[in-house]
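S.K.: Letter by letter, the chains look like this.
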Amino acid sequence: MAIAHLGLVLHAHLPDVRHDGGGGLEERWFFEAVGQCYLPLLGVFERLRRDGVRFRLTMSLSPPLCAMLDDDALLRRCARHFDALTALAIAEAERNRRDARIHRLAAWWRRIWEERRGDFERRGRRLLPAFRELADAGHLELIATAATHGHLPLLHAMSGAARAQIRMGIADHVRRFGGPPAGFWPPELAWTPGLEAEYEAARVRWICADAHAVLLADRRPRYGTFAPIVCPGGLVVFPRDAELARRVWSARDGYPGDPWYLEYHRDIGYERSPEALGALAPPAGARAPVGLKYWRVTGPADAKEVYEPARAEETARRHASDFVDCTLKRGERAAAAMERPPFLLAAFDAELFGHWWNEGPLWLEETLRRVAECPALRLTTPSEYLEMTRDSALQCATPADSSWGEGGGHETWWNERTADLWAGLHRAGRRLRRLARRATVNVPAVHAAARHFLLAQASDWPFMIRHGRAGEYGRRRWSAALAAVERCMEAAERGDTDDTAGPALFPDLDLSLFKG
Amino acid sequence: MKAAPGPPYHDEGPLCRSGVNRHRPSDGLITDVDDDRNVFWIAGLAPGRLGIQWDFTEDRWRELRESGGSDDRLTIRFVRLADLSAKGGPGTLRFVPGERSGWVRLDVAAGVYAAEIGFLSPDGRYRFIAAAGPAIVPANRESPDCSLVVLDPVAPPPARRRAEASASRLSPWRPPMAAPPPSPPIAGGADPAWQPSLAAAMEIPEVVPHNAGSSPQRTGPLSDACVAPPEAGWPQPIATGPGTGSEEV
Chain A
1 MAIAHLGLVL HAHLPDVRHD GGGGLEERWF FEAVGQCYLP LLGVFERLRR
51 DGVRFRLTMS LSPPLCAMLD DDALLRRCAR HFDALTALAI AEAERNRRDA
101 RIHRLAAWWR RIWEERRGDF ERRGRRLLPA FRELADAGHL ELIATAATHG
151 HLPLLHAMSG AARAQIRMGI ADHVRRFGGP PAGFWPPELA WTPGLEAEYE
201 AARVRWICAD AHAVLLADRR PRYGTFAPIV CPGGLVVFPR DAELARRVWS
251 ARDGYPGDPW YLEYHRDIGY ERSPEALGAL APPAGARAPV GLKYWRVTGP
301 ADAKEVYEPA RAEETARRHA SDFVDCTLKR GERAAAAMER PPFLLAAFDA
351 ELFGHWWNEG PLWLEETLRR VAECPALRLT TPSEYLEMTR DSALQCATPA
401 DSSWGEGGGH ETWWNERTAD LWAGLHRAGR RLRRLARRAT VNVPAVHAAA
451 RHFLLAQASD WPFMIRHGRA GEYGRRRWSA ALAAVERCME AAERGDTDDT
501 AGPALFPDLD LSLFKG
Chain B
517 MKAAPGPPYH DEGPLCRSGV NRHRPSDGLI TDVDDDRNVF WIAGLAPGRL
567 GIQWDFTEDR WRELRESGGS DDRLTIRFVR LADLSAKGGP GTLRFVPGER
617 SGWVRLDVAA GVYAAEIGFL SPDGRYRFIA AAGPAIVPAN RESPDCSLVV
667 LDPVAPPPAR RRAEASASRL SPWRPPMAAP PPSPPIAGGA DPAWQPSLAA
717 AMEIPEVVPH NAGSSPQRTG PLSDACVAPP EAGWPQPIAT GPGTGSEEV
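Protein chains in written order, with my numbering: chain A, 1 to 516; chain B, 517 to 765.
Among these hints, one or two may not hold up.
With beta-carbon atoms standing in for the labels, derived distance ranges [unchecked claim]:
#1 B:611 to A:201: 51 to 57 Å
#2 A:440 to B:586: 22 to 28 Å
#3 A:483 to B:660: 55 to 61 Å
#4 A:285 to B:587: 50 to 56 Å
#5 B:613 to A:483: 48 to 54 Å
#6 B:663 to A:416: 37 to 43 Å
#7 A:180 to B:611: 48 to 54 Å
#8 A:325 to B:660: 32 to 38 Å
#9 B:663 to A:201: 26 to 32 Å
#10 A:486 to B:660: 37 to 43 Å
#11 B:611 to A:437: 36 to 42 Å
#12 A:332 to B:611: 52 to 58 Å
#13 A:46 to B:625: 51 to 57 Å
Think of the hints as simulated: they come from the structure by calculation, not from any bench.
Because the structure is a prediction, the values reported are computed rather than measured.
Backbone N, C-alpha and C fix where the C-beta goes; we use that ideal spot for every residue, glycine too.
Turn these sequences into a full structure, and let the hints steer you where they fit.
M.R.: Structure representation (structure tokens):
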């Protein structure tokens, strides 16, 4: 008898990092995500399915990520990247013949990359059909997200911009996955009152939000974060469970910081000479991770000890057991005081699993297996939960303005460093709105401007600028997108039909959404 | 020499003239700068914090500076709409750096805000430039409103219409009349029957203490290409504390 319900939601997103002709170092983010996250996650889901384990997860795949997963040229470069990694692991094994521990690890990496390369080829380099198949089999509920991962509360201040992000995100989902999504993942779990009208008009039934969105709602939530609330217009909001998030996500004491896990930041890309890195050497003067690592977290000090895969796997299993125990205890305590079964939402970026946290896919697999064996806990999607409890009403309240960013608000994306970016977006948005309303302009150029405008809105760029992680790249991409918007708008005003090439996104772009 | 008294500053500008008092606006209250190139906007940043940004073109800024006195100071006037009477109100004035573009954060009480930017003369005259809003600043504590209003999410009111909630207490949960949606095959037999929880106590369950300051962050971009390795450990440490330039109001 299930006492409590656990909802696991994974959000997969990368900004569009394609460059004409390839070769951009940032494309490696995509290659790493495919090799370290998406392929291992598919492997987990397919093993569980093969073993007859009951599991249901919710997953969103952003439109820029889907576009990249469908890009033949990029996928060819991805295969070449895997080849280079395998070659590097072979060379590393040879180079470290006298150090048995490093030699074994290099051979371990070689085996991993050979397997993943083989898996990639067996799938015809196409991952989206595998996600679709899992959805068809009832294991995944695929939901939509914003068109280019725009930060919706801040875009809501620009007439129609949040609406275009939501509507184009849903349209892309329908085109790729063949049906309307029941739910929607707000980028950065960002919310502001007023967005509910946009979601409801787009027929979104439910969204996720961070815990404080509901805890600080305009009416005090009777069940805290153990039940969704419903906005006055009917949009259901599922809050993230803060304790479950902390156990996986916390910088201070989350599972991924365990001393036995692989240390993400010690990568041989920082330690070997460019000659030793071969095809994976970055441009002259730059240093970048390549994906081969030999050290474990060990502790806060710089001195690291050699990674031991078996100990790391054992730790992941222990952490999975701890997570399930914690979920069950929280669920039992909540159920004792509730008139409906508690629902605990655990929502994460998919890229956590395998990239930042090497053992993440194994932890997820073990967690799913343990939940399936626990009769008091049931893995349920938000849609399924609403269906199961459809005879009981939800508490009506409007969530508080919030996000899962630093401080719980929007300052990560709007601050001194990124203010000029937002001023540029406001300017471009107004001019585009005026153009879109004019019937006589060169429509293809306006369409191209709208596509570039959507790309410029990605929350990734201000995030990178704020945190200084690839900040120059974020600013360059944002500047390039806005410059392209201006160029296309000028072409439209001139009636020029030459400069109408836009990014390869949103073939069904609805220009009316940009009229404000 | 004392400046001659001018008209009270709160009589100028559309914000104070409008005298609006809306709990939660669903559309734009005030149109901001109506040309393409000049920007003035506000938005809630975090619980108890408001962000304000202005960015004028060189030409517009020169025109603005030349049309007033040299002692005029660039000023933001912001108003919590719930505090605004039907006749309008003065709001709060805040001098900001007299530059063509800027961004400031203000620590304010929770509520819905609108703001104006303009020049304040030594004689108290306020020269309006642009207005923006509304923006919602969320509370940093739980709502005092403990009223319980429920809504049937299966048959919500039509979109874009605020519902009038009907019931005054939660309906008891009942098992679904029909089977839940089809689930994938399960090893070892059928899915156990789904049952309601046992207890019906009406206490509020334990709520996870909210600590927005330690809210986990999203992951950053995948590997930090072209940058030196950051300090060891996973994930990145979260910076705490307010940023620079914060002003308590």
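S.K.: Are the hints correct? Go through all of them and say.
M.R.: The hints, checked one at a time:
no., hint, result
1, B:611 to A:201: 51 to 57 Å, "41 Å, violated"
2, A:440 to B:586: 22 to 28 Å, "46 Å, violated"
3, A:483 to B:660: 55 to 61 Å, "49 Å, violated"
4, A:285 to B:587: 50 to 56 Å, "51 Å, holds"
5, B:613 to A:483: 48 to 54 Å, "28 Å, violated"
6, B:663 to A:416: 37 to 43 Å, "40 Å, holds"
7, A:180 to B:611: 48 to 54 Å, "51 Å, holds"
8, A:325 to B:660: 32 to 38 Å, "36 Å, holds"
9, B:663 to A:201: 26 to 32 Å, "27 Å, holds"
10, A:486 to B:660: 37 to 43 Å, "48 Å, violated"
11, B:611 to A:437: 36 to 42 Å, "38 Å, holds"
12, A:332 to B:611: 52 to 58 Å, "56 Å, holds"
13, A:46 to B:625: 51 to 57 Å, "53 Å, holds"
Comparing the model with each numbered hint stated earlier shows that hints 1, 2, 3, 5, 10 do not hold.
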